[in-house]
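These are the residues of each chain, in order.
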Amino acid sequence: MTTVESGIADRKISRRRLLSMTSFLGLLGASGVVVWSNLLFFKPRVTYGEPSRFRIGSPDAFPLGTRLPLGRQRVTIVRNENGVAAISNTCTHLGCVVATTEIGFACPCHGSRFDPDGTVLGGPAPRPLPWYQLSLSPGGEIEVDTSAEVAPGSYLKV
Amino acid sequence: MSRDQGLLANLRDLPKNVWRSLFRNPLPSSDLGRSQTSFSNFFLHIHPVKTHVHSLRPAYTFGLGVIAFSLFIILTATGILLMFYYVPSVEQAHDRMLDLSGTVAFGVLLRNMHRWAAHGMVAIVLLHMARVFFTGSYKPPRELNWVIGIVLLLLTFFASFTGYLLPWDQLAYWAITVGTSIAAYAPGVGELIRFVLLGDRIVGQEALIRFYVLHVAVLPAIITILVGVHFWRIRKDGGLSRPASADLPEAQSEFPEAVEGKLEGLAARSKIQKKKSFGVLGMVRGPFNKVGNTPDNTVYSWPHLFTAELFCFALTVLIVLIVAMVFNAPLEAPADPTHPPNPSKAPWYFLGLQEMVSYSAFWGGVGIPTLFVLGLLLVPYLDRRNKGVGEWFSRHRLLANTLFVLFLLVNLVLIIIGTFFRGPNWSLVTPW
Chain A
1014 MTTVESGIAD RKISRRRLLS MTSFLGLLGA SGVVVWSNLL FFKPRVTYGE PSRFRIGSPD
1074 AFPLGTRLPL GRQRVTIVRN ENGVAAISNT CTHLGCVVAT TEIGFACPCH GSRFDPDGTV
1134 LGGPAPRPLP WYQLSLSPGG EIEVDTSAEV APGSYLKV
Chain B
2 MSRDQGLLAN LRDLPKNVWR SLFRNPLPSS DLGRSQTSFS NFFLHIHPVK THVHSLRPAY
62 TFGLGVIAFS LFIILTATGI LLMFYYVPSV EQAHDRMLDL SGTVAFGVLL RNMHRWAAHG
122 MVAIVLLHMA RVFFTGSYKP PRELNWVIGI VLLLLTFFAS FTGYLLPWDQ LAYWAITVGT
182 SIAAYAPGVG ELIRFVLLGD RIVGQEALIR FYVLHVAVLP AIITILVGVH FWRIRKDGGL
242 SRPASADLPE AQSEFPEAVE GKLEGLAARS KIQKKKSFGV LGMVRGPFNK VGNTPDNTVY
302 SWPHLFTAEL FCFALTVLIV LIVAMVFNAP LEAPADPTHP PNPSKAPWYF LGLQEMVSYS
362 AFWGGVGIPT LFVLGLLLVP YLDRRNKGVG EWFSRHRLLA NTLFVLFLLV NLVLIIIGTF
422 FRGPNWSLVT PW
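Chains as they are written, first to last, in my numbering: chain A, 1014 to 1171; chain B, 2 to 433.
Do not rely on the hints blindly, as some may be mistaken.
Okay, derived cross-link-like pairs now, SDA-like style, lysine to any residue, Cα gap no bigger than 20 Å in a straight line [as the list claims (entries may be wrong)]: (1) B:K388 / B:G80; (2) A:K1056 / B:A187; (3) B:K237 / B:L110; (4) A:K1056 / B:R202; (5) B:K388 / B:D248; (6) A:K1056 / B:K388; (7) A:K1056 / B:F44; (8) A:K1025 / A:L1040; (9) A:K1056 / B:F196; (10) A:K1170 / A:T1103; (11) A:K1056 / B:P142; (12) A:K1056 / B:G191; (13) A:K1025 / A:F1037; (14) A:K1056 / B:I203; (15) B:K346 / B:A334; (16) B:K346 / A:K1170; (17) A:K1056 / B:G205; (18) B:K346 / B:G205; (19) A:K1170 / A:F1075; (20) A:K1056 / A:S1071; (21) A:K1056 / B:D201; (22) B:K237 / B:P142; (23) A:K1056 / B:V197; (24) A:K1056 / B:G189; (25) B:K346 / B:A185; (26) A:K1056 / B:A334; (27) A:K1056 / B:L215; (28) A:K1170 / A:E1094; (29) A:K1056 / B:P141; (30) B:K346 / A:K1025; (31) A:K1056 / B:R132; (32) A:K1056 / B:L127; (33) B:K346 / A:D1158; (34) A:K1056 / B:I47; (35) A:K1056 / B:A184; (36) B:K237 / B:A334; (37) B:K346 / A:E1094; (38) B:K237 / B:F44; (39) A:K1056 / B:K237.
Since the hints were made in silico from the structure, they are not lab data.
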């Protein structure tokens, strides 16, 4: 026993301490990797719901004066003399779908109101309804991209 | 009795021996038996062998902790049964709810029990928190158990919230849309939190499966572990809080139950003291360095504590059963992601939050709730004066109790406004 004890005392770090320190540091690093990889895991790379880019048909389908809410895609297609635009139907307050009214849009959940261009008229909504980017596909169809916002008042000339 | 008696004799004794291996102690008739029953049974040994008489007074705890745990047991049992028929898919979930009433035996009863027990658990856990506060029971050394309790409160909210989505009706869909949008107001990481929680930009199939897994596996597991720690800490912190006076010799007259039939025990104790070394039975008389030095105002947990707990559990089951048979859990039309109902309301315990959110989404939904939770977590570390512990509405704690009453009142008033006084477009209406 004495030889073993003196052997340990001779080293600067005992074997047991080295083992426990490396184990501890290894597990600490591993936990960091686990947390990081779990965050990546839980953030989906592909979503299975409505695609953010979709085509809504040729401009002729939207005559002047059209205000057509698309339920599933949650946008309202507007056509006037300036061109075509897509305004979000999702209230900027808490994500409810706004209803089309005479004044523009109204949210049933917490009473936010917007004018026909999506500007906030009243209620708790902090931001105007976003406008989405439109483009013409090679086939002449209008393509909406809800992942790209444009400044309110930006119309697609058709 | 010889064990070496041949196979035939063993077969003859089989039922008796199986029974004895299961129930090692006969129904106790002595103090030794009462101790051994608590010691040697896995399910009972989380209890102390002896309990202070003050902790057993119904008007001190109202059994709220035991009732909350009873509701959790009911929720686990009914929840597991419901899982056998539920499918977490947007096409099927709502139909499965309807099937419960049409094709599953006791389906409606189980769903009603689960729904009402869930609401009950939220309410009882809140009342339990109020009890602990008003009796000053969060003070040292019980700070950590208060913090665990607050975490359990938040987990109860989250478990209830995730369960809310599963019926996939209009109420579920829009309550979760609103609730997760509140989370999106957290500065910096809000949008990411919502995206990860929902697994998509809006509530849909991904959100349903995520909430389902959280609801049936992740949250119950965490709650179970923390409840275990919560119970264990009660004992490590010296049992339920009680006033210091409850351990004084003069208090003995207040607790006649503790003295009754103890002459035998008292004689035994004096013998133990002479030897200055304590057997297990000496230790269970109380904290063992105090043996013989403090009045023993405790009684055996079997039967005193166990009877009280059994009664609370039975009463909880009975009330949940009756409520479930009289009132049906609501089920609205299937979720329609294009048409929110007007008004869209969150679960009742979040309606105070929703009411605040209608004034300012950030402050109402994130800022003030965060301050509330932080305040609750820090209470035992800010208020450490050990006066007025173990007594309802102690005069020593006038300020703390007044502040807490105000805190509860503000939340209650907001919840009442949100529940009864908000109509279409979240405009003020009168409920009568």
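Going through the hints against the structure:
| no. | hint | in the structure |
| --- | --- | --- |
| 1 | B:K388 / B:G80 | violated, 43 Å |
| 2 | A:K1056 / B:A187 | holds, 17 Å |
| 3 | B:K237 / B:L110 | violated, 40 Å |
| 4 | A:K1056 / B:R202 | holds, 11 Å |
| 5 | B:K388 / B:D248 | holds, 15 Å |
| 6 | A:K1056 / B:K388 | violated, 49 Å |
| 7 | A:K1056 / B:F44 | violated, 41 Å |
| 8 | A:K1025 / A:L1040 | violated, 23 Å |
| 9 | A:K1056 / B:F196 | holds, 7 Å |
| 10 | A:K1170 / A:T1103 | violated, 25 Å |
| 11 | A:K1056 / B:P142 | violated, 41 Å |
| 12 | A:K1056 / B:G191 | holds, 13 Å |
| 13 | A:K1025 / A:F1037 | holds, 19 Å |
| 14 | A:K1056 / B:I203 | holds, 14 Å |
| 15 | B:K346 / B:A334 | holds, 15 Å |
| 16 | B:K346 / A:K1170 | violated, 41 Å |
| 17 | A:K1056 / B:G205 | holds, 15 Å |
| 18 | B:K346 / B:G205 | holds, 19 Å |
| 19 | A:K1170 / A:F1075 | holds, 13 Å |
| 20 | A:K1056 / A:S1071 | violated, 35 Å |
| 21 | A:K1056 / B:D201 | holds, 9 Å |
| 22 | B:K237 / B:P142 | holds, 9 Å |
| 23 | A:K1056 / B:V197 | holds, 5 Å |
| 24 | A:K1056 / B:G189 | holds, 16 Å |
| 25 | B:K346 / B:A185 | holds, 18 Å |
| 26 | A:K1056 / B:A334 | violated, 31 Å |
| 27 | A:K1056 / B:L215 | holds, 15 Å |
| 28 | A:K1170 / A:E1094 | holds, 9 Å |
| 29 | A:K1056 / B:P141 | violated, 41 Å |
| 30 | B:K346 / A:K1025 | violated, 66 Å |
| 31 | A:K1056 / B:R132 | violated, 40 Å |
| 32 | A:K1056 / B:L127 | violated, 33 Å |
| 33 | B:K346 / A:D1158 | violated, 31 Å |
| 34 | A:K1056 / B:I47 | violated, 40 Å |
| 35 | A:K1056 / B:A184 | holds, 16 Å |
| 36 | B:K237 / B:A334 | violated, 50 Å |
| 37 | B:K346 / A:E1094 | violated, 40 Å |
| 38 | B:K237 / B:F44 | holds, 18 Å |
| 39 | A:K1056 / B:K237 | violated, 41 Å |
Of the hints listed earlier, those the structure fails to meet are numbers 1, 3, 6, 7, 8, 10, 11, 16, 20, 26, 29, 30, 31, 32, 33, 34, 36, 37, 39, in rising order.
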